[in-house]
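**Student:** Read off the chains here:
Number of protein chains: 2
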Amino acid sequence: MESSIDPRASIQRAVVLVSGGMDSAVTLALAHEQGYACHALSVAYGQRHASELIAAERITHEFAVAEYKIVQVDLRSIGGSALTADIAVPEQGGAGIPVTYVPARNTIMLAIALGWAEVLGANAIFCGVNAVDYSGYPDCRPDFIAAFERLANLATKAGVEGAGIHVHAPLIRLSKADIVREGLRLGVDFAITVSCYQADVDGRACGHCDACRLRAQGFAEAGVADPTRYV
Amino acid sequence: MESSIDPRASIQRAVVLVSGGMDSAVTLALAHEQGYACHALSVAYGQRHASELIAAERITHEFAVAEYKIVQVDLRSIGGSALTADIAVPEQGGAGIPVTYVPARNTIMLAIALGWAEVLGANAIFCGVNAVDYSGYPDCRPDFIAAFERLANLATKAGVEGAGIHVHAPLIRLSKADIVREGLRLGVDFAITVSCYQADVDGRACGHCDACRLRAQGFAEAGVADPTRYV
Numbered sequence: 001m002e003s004s005i006d007p008r009a010s011i012q013r014a015v016v017l018v019s020g021g022m023d024s025a026v027t028l029a030l031a032h033e034q035g036y037a038c039h040a041l042s043v044a045y046g047q048r049h050a051s052e053l054i055a056a057e058r059i060t061h062e063f064a065v066a067e068y069k070i071v072q073v074d075l076r077s078i079g080g081s082a083l084t085a086d087i088a089v090p091e092q093g094g095a096g097i098p099v100t101y102v103p104a105r106n107t108i109m110l111a112i113a114l115g116w117a118e119v120l121g122a123n124a125i126f127c128g129v130n131a132v133d134y135s136g137y138p139d140c141r142p143d144f145i146a147a148f149e150r151l152a153n154l155a156t157k158a159g160v161e162g163a164g165i166h167v168h169a170p171l172i173r174l175s176k177a178d179i180v181r182e183g184l185r186l187g188v189d190f191a192i193t194v195s196c197y198q199a200d201v202d203g204r205a206c207g208h209c210d211a212c213r214l215r216a217q218g219f220a221e222a223g224v225a226d227p228t229r230y231v
Numbered sequence: 001m002e003s004s005i006d007p008r009a010s011i012q013r014a015v016v017l018v019s020g021g022m023d024s025a026v027t028l029a030l031a032h033e034q035g036y037a038c039h040a041l042s043v044a045y046g047q048r049h050a051s052e053l054i055a056a057e058r059i060t061h062e063f064a065v066a067e068y069k070i071v072q073v074d075l076r077s078i079g080g081s082a083l084t085a086d087i088a089v090p091e092q093g094g095a096g097i098p099v100t101y102v103p104a105r106n107t108i109m110l111a112i113a114l115g116w117a118e119v120l121g122a123n124a125i126f127c128g129v130n131a132v133d134y135s136g137y138p139d140c141r142p143d144f145i146a147a148f149e150r151l152a153n154l155a156t157k158a159g160v161e162g163a164g165i166h167v168h169a170p171l172i173r174l175s176k177a178d179i180v181r182e183g184l185r186l187g188v189d190f191a192i193t194v195s196c197y198q199a200d201v202d203g204r205a206c207g208h209c210d211a212c213r214l215r216a217q218g219f220a221e222a223g224v225a226d227p228t229r230y231v
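Here the protein sequences line up with chains A and B, keeping their order.
All residue numbers for the first sequence refer to our numbering, where the first residue is 1 and numbers rise by one.
All residue numbers for the second sequence refer to our numbering, where the first residue is 1 and numbers rise by one.
Bound-form chain A, shown alone:
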């Protein structure tokens, strides 16, 4: 006698935003550990550091994702950031919101993730935003994530007719050292991740930008050798 239970019905699907950096790699590892079928999503928004996307695909191979998709959105046509326009990447962060901030980037990436989640019937979105090291970025704060989750449940069939969508930002309150430790526990190969804002085509880091400094500090504070490949 055949079972009338659809084995797929019990699968919990998640869309996981994967940028190629260390934070989203750890986030993917956490979603995988929690038993989600992970649909990894990278958003190619015209970023200066395109080698991140190569790293992103490698990371998805490590955690046997159900699917990997790159969606293109041309944020260069909007500009306004050192990552998408002809503005130099600074070597030292100052006060306020840094020029590497990309206007509305996280809103746009989460919105695309929401669209894919709705198509898949996924009830979870994971993203690796972190409020500690990136306190200057307005769209990395817990209030922002909570507001996006509220929006997601008003914007979609899943929210209106279904079980709702939960937006997970499991690293949001962790330090970079905590993220390093969590990644090591989960078996993340940090050597294949790329955090640098201006990595070269082979994914080698500059060692000077804010992202490089924060990453190096994380390994130092966690007391772990830094596997980053520098130019």
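Hint data in this document are derived by calculation from the structure and do not stem from the laboratory.
Treat the hints with care, since some could be wrong.
Just so you know, same-sequence chains aren't split out, so a pair can sit in one copy or run between any two.
Unchecked claim - Capping the alpha-carbon separation at 25 Å, the derived lysine to any residue pairs in SDA-like fashion look like this: (1) Lys157 - Arg173; (2) Lys157 - Asn123; (3) Lys157 - Ile11; (4) Lys69 - Glu57; (5) Lys157 - Cys212; (6) Lys157 - Ala131; (7) Lys69 - Val99; (8) Lys69 - Gly207; (9) Lys69 - Ala124; (10) Lys69 - Arg58; (11) Lys69 - Asp202; (12) Lys69 - Ala225; (13) Lys157 - Gly80; (14) Lys157 - Arg76; (15) Lys157 - Asp202; (16) Lys157 - Ser77; (17) Lys69 - Asp178; (18) Lys69 - Asp200; (19) Lys69 - Gln47.
Keeping the supplied structure of chain A fixed, place chain B upon it in accordance with the hints.
**Tutor:** Only chain B this time, still in chain A's reference frame:
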């Protein structure tokens, strides 16, 4: 003696989402009437009805916009809608959310508008969503717009450090007949707008899809001759 007042400082800038359809044309006309310098934005998301974008550009010429931009985002790679995947456009709407609903489309388009608004220093975003005729679309309701505005003010420099961003949806509670009347008052040339979900390359409408039916009803109820060009 030169004035120390920057004339640009008093200009109120708005990003106006313009799809090429009649609703967004009337919305642009309203933003223009209210004295905003209008930065018109179309999002090319892989829609079936690409002739809408040709119409959008024509409409922006009618209202002397400050700038017109098309941003590409590839929603075909996500699919899930009759407008972006190989799903037939229905001739008659049924109950519930129709297959022409594009998952998270309005969230994605507003997010891109938000990014551009932030780059421009615009404090307003206008969109032509309408809750009356499109009651089946979750992302056309007043609650959705309010939630997006709240998100916008948490997501951006303008919200955190500046004067805030207001999201205007001036048609949200109007009937299609009201929109026709408002457009005529404002001098909108409806003949150049394209609402049809499957218009041909010259922008001629099918006359059968939900969008065509609602549009034709609007002209009929307003007691106005329908200027739509049909195939």
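**Student:** If a hint holds in the structure, say so; if it does not, say that too.
**Tutor:** Tested hints:
In the homo-oligomer, the alpha carbons of Lys157 and Arg173 lie at most 25 Å apart only across protomers (21 Å), although the nearest pairing inside one protomer, at 30 Å, exceeds that limit. In this assembly of identical chains, the alpha carbons of Lys157 and Asn123 lie at most 25 Å apart only when taken from the same copy (11 Å versus 30 Å across copies). In this homomeric assembly, Lys157 and Ile11 come within 25 Å of each other (Cα to Cα) only inside a single copy, at 19 Å, whereas the closest approach across copies is 39 Å. Proximity of Lys69 to Glu57 under the C-alpha cut-off of 25 Å is restricted to the intra-copy arrangement: shortest distance 9 Å within a copy versus 31 Å between copies.
Proximity of Lys157 and Cys212 under a CA criterion of 25 Å is satisfied inter-copy only: 24 Å between copies versus 40 Å inside one chain copy. In this homomeric assembly, Lys157 and Ala131 come within 25 Å of each other (Cα to Cα) only across copies, at 15 Å, whereas the closest approach inside a single copy is 30 Å. When the C-alpha separation of Lys69 and Val99 is checked against a cutoff of 25 Å, the pair qualifies only between copies, where the shortest distance is 23 Å, while the shortest distance within a copy is 28 Å. Proximity of Lys69 and Gly207 under a CA criterion of 25 Å is satisfied in neither setting, with 29 Å inside one chain copy and 36 Å between copies.
Taking CA atoms no more than 25 Å apart as the test, Lys69 paired with Ala124 passes inside one copy only; the shortest distance there is 16 Å, against 33 Å between copies. Only within a single protomer do Lys69 and Arg58 lie at most 25 Å apart by alpha-carbon distance; the minimum there is 13 Å, versus 35 Å between protomers. In the homo-oligomer, the alpha carbons of Lys69 and Asp202 lie at most 25 Å apart inside one protomer (21 Å), although the nearest pairing across protomers, at 33 Å, exceeds that limit. With identical chains, the CA atoms of Lys69 and Ala225 are never at most 25 Å apart, being 32 Å at best within one copy and 47 Å at best between copies.
When the C-alpha separation of Lys157 and Gly80 is checked against a cutoff of 25 Å, the pair qualifies only between copies, where the shortest distance is 12 Å, while the shortest distance within a copy is 33 Å. In this assembly of identical chains, the alpha carbons of Lys157 and Arg76 lie at most 25 Å apart only when taken from different copies (19 Å versus 31 Å within one copy). Taking CA atoms no more than 25 Å apart as the test, Lys157 paired with Asp202 passes in neither setting, with 42 Å inside one copy and 33 Å between copies. Taking the closest pair of Cα atoms, Lys157 and Ser77 come within 25 Å of each other only across two copies (19 Å); inside a single copy the shortest separation is 31 Å, beyond that limit.
For the identical chains of this complex, Lys69 and Asp178 are neighbours neither inside a copy (28 Å) nor across copies (42 Å), given an alpha-carbon limit of 25 Å. For the homomeric pair Lys69 and Asp200, the shortest alpha-carbon distance inside one copy (23 Å) is at most 25 Å, but the shortest distance between copies (31 Å) is not. In this assembly of identical chains, Lys69 and Gln47 lie within 25 Å of each other by CA distance both inside one copy and across copies; the values are 17 Å within and 19 Å between.
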